[in-house]
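Which chain is which? The protein sequence lines are S and U, in order.
Heads up: the first sequence at position 4 corresponds to 4 in this note's numbering, and the numbers run straight through without jumps.
Heads up: the second sequence at position 187 corresponds to 441 in this note's numbering, and the numbers run straight through without jumps.
Think of the hints as simulated: they come from the structure by calculation, not from any bench.
Ideal Cβ placement from N, Cα and C applies to all residues, glycine included.
What you were told as hints is all true, and nothing was included just to trick you.
Listed below are the simulated DMTMM-like cross-link pairs for lysine to aspartate or glutamate, each with C-alpha atoms no more than 25 angstroms apart in a straight line:
1. Lys262(U) with Glu156(S)
2. Lys18(S) with Asp494(U)
3. Lys79(S) with Asp115(S)
4. Lys215(S) with Asp197(S)
5. Lys549(U) with Glu117(S)
6. Lys74(S) with Glu505(U)
7. Lys267(U) with Glu116(S)
8. Lys79(S) with Asp26(S)
9. Lys6(S) with Asp64(S)
10. Lys549(U) with Glu121(S)
11. Lys258(U) with Glu116(S)
12. Lys74(S) with Glu510(U)
Partial pick of chain U residues on the chain S-facing surface, computed with a CB cut under 8 angstroms:
13. Ile257
14. Lys258
15. Leu489
16. Gly492
17. Ser499
18. Gly501
Here are the simulated distance ranges between beta carbons:
19. Arg55(S) with His263(U): 44 to 50 angstroms
20. Glu137(S) with Leu270(U): 21 to 27 angstroms
21. Lys6(S) with Ser503(U): 22 to 28 angstroms
22. Lys262(U) with His69(S): 39 to 45 angstroms
23. Phe387(U) with Pro72(S): 39 to 45 angstroms
24. Phe454(U) with His69(S): 52 to 58 angstroms
25. Arg203(S) with Lys258(U): 32 to 38 angstroms
26. Glu510(U) with Ala60(S): 29 to 35 angstroms
27. Lys262(U) with Ala183(S): 27 to 33 angstroms
28. Lys6(S) with Lys410(U): 34 to 40 angstroms
29. Ser503(U) with Gly30(S): 28 to 34 angstroms
30. Met402(U) with Phe109(S): 29 to 35 angstroms
31. Glu505(U) with Glu137(S): 21 to 27 angstroms
32. Lys258(U) with Ala183(S): 19 to 25 angstroms
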Amino acid sequence: MGIEIKVRNVKLYYKSIKALDGISLDIGGGEILSVIGPNGAGKSTLLKVINGILRPKIGAVYFDGRLLHEIPQKEVAMKTGVVPQRISSTGMLTVFDFVLTGRRPYINFTPTKIDEEKAYEALKTVNAAHLANRTLEELSGGELQRVVIARALAVEPEVMLLDEPTSNLDLKYQQETLNLIKALCSKGLTIIMAIHDLTQAYRISDKILMLNDGKVFAAGKPEEVLTPQNILAVYGVPTIILKEHKIIIPTERI
Amino acid sequence: MWIKLLIKHSNYKKRLTLVCLIIITFFLVPLSVALGWYKASLLDILRVLFMPDNSPLSAVVWDLRLRRVLAALIIGAVLAGSGTAIQASLRNPLASPFTFGLSFAASLGVAVALLFLQGGNIQRFQIYFYNPFLVSIFAFLFSLIQVMVILLLAYKAGLGARALVLSAIAISFVYQAILYLLQYLVLNEILTSTVVFWTFGDLGRISWSELYLVAVVSLAIVIPYFLYRSIDYDLMLGGDELAKSAGISPERIRLETTVIAALGTAMATSFVGIIGFVCLVAPHAARLIVGGGHKYLMPTSMLMGSIILMISDTIGRTIIAPTIIPVGIMTSMVGAPLLVYLLIKGGKYGHRD
Chain S
1 MGIEIKVRNV KLYYKSIKAL DGISLDIGGG EILSVIGPNG AGKSTLLKVI
51 NGILRPKIGA VYFDGRLLHE IPQKEVAMKT GVVPQRISST GMLTVFDFVL
101 TGRRPYINFT PTKIDEEKAY EALKTVNAAH LANRTLEELS GGELQRVVIA
151 RALAVEPEVM LLDEPTSNLD LKYQQETLNL IKALCSKGLT IIMAIHDLTQ
201 AYRISDKILM LNDGKVFAAG KPEEVLTPQN ILAVYGVPTI ILKEHKIIIP
251 TERI
Chain U
255 MWIKLLIKHS NYKKRLTLVC LIIITFFLVP LSVALGWYKA SLLDILRVLF
305 MPDNSPLSAV VWDLRLRRVL AALIIGAVLA GSGTAIQASL RNPLASPFTF
355 GLSFAASLGV AVALLFLQGG NIQRFQIYFY NPFLVSIFAF LFSLIQVMVI
405 LLLAYKAGLG ARALVLSAIA ISFVYQAILY LLQYLVLNEI LTSTVVFWTF
455 GDLGRISWSE LYLVAVVSLA IVIPYFLYRS IDYDLMLGGD ELAKSAGISP
505 ERIRLETTVI AALGTAMATS FVGIIGFVCL VAPHAARLIV GGGHKYLMPT
555 SMLMGSIILM ISDTIGRTII APTIIPVGIM TSMVGAPLLV YLLIKGGKYG
605 HRD
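Excised from the complex, chain S in its bound form:
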């Protein structure tokens, strides 16, 4: 369980704009890596590179010790659960049908009993089984987020890539989602997530990768990366950090 992912000196351009500029990272099973940085720093792009959706111009991604782009897409899909920042919810799809699409890499023509069983188990894991027959349009933000995570779990992934899983959620759902992620991590999954809330990143992560302008500004343990100096340099916001509570507070009054 859990897959080792290594990223080595990845560079990626959107036309002439540098999106990623020499990114490297290491993460193994049972670890949570948070990718932080201001808007446009390249967090989502990095997740797409690790998912194999975008192929970097220079550099390499090693997935389980093998070069990512040499592994068949289907095999990567069977091992990676993806939670995008936003999903579209059109077409009156029921929650159960949506979670079932997570089984797509295993499905040849139509979902089998096993696929339905796995989808149901995934819904139960996130405490959303009671939503199974509702349509996606009828869900609240928190419910939708849980369902999207359930869909990623239905893949039976060894790696989870989450793009801002707690944004748009109220405090209770934020806590619930983070607890869920922590629980998945303790089962041995490799977890990489882009996240905005620094306090949350501080509390949940084993490693933090701080990006700025497509470059790695700092990387390492949360307490090494999240210092007032680093945060000021990257975000331009002065903060104080309460180490014993793991809380980061901006000092500027509004």
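Model the placement of chain U on the given structure of chain S, informed by the hints.
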């Protein structure tokens, strides 16, 4: 545990609906054949259906009615399936071959084949295609042009759901204008009336050989493809990113789907003319019954398309008999108000521009 039962129950309900629709469809075929100006009992109809003889009833059934009922069955399924597939692959509830102008593009192709390549003629108010293949190939080529226009507008110009449909409708007017221009320039009464008659959308004009062609293409390519892609259409509804992460190329599915929908629409349009709105009405009606999962939605939608077209055609044949109202006129009368309704309700149907 009870939740599992609930899921199972809802699947049983959907399956049951599907079975009911299949039964209704199979009853509608002899019923539609039985109804019409020439009255006969259902038993007699069934007798000549299975044992054709030389009676006038047999001639009515085999030469006038059965062909158009079978055409309604197949073309209804193809149009409705195309509508459902395009709606999912472009995540646009207003999308359909008709609202995307594929039917009009195909009709221009038919006109070009008729007027310039002498692909057909009109005799005694009947349109004859000398070469049905030539006509359908032209219809297909012209609808491919429209497919390209649509995909460019959606993914290069980045138009949203409603803007895309409105611009496609505007473009359909261009096709119609070119059609009128051709009629105006050619100035051959017979050929012009051929084209005018042809745009009405009438199931009665399809010949047996044309019906075979439509049936083979639909049953071998169009319908199996749409059914095969059911799970991918579910996946596409969640967004391109999810599709890609599942190892599916959304661009490829969109291209294949629109091209195959264009093929189906072009075939249908070239032999029976423009039949509007079935491809939009049927998917929405089906979605209300079985929900959005394409495993059940796709076949339900196809059956709804067949049923709607068979009923409209039968009403068109009987309402002011012996005059026959072309089915295209019947479906547009019902379909146009529905399109306006969907545009007004746009937000509620879950599409967010």
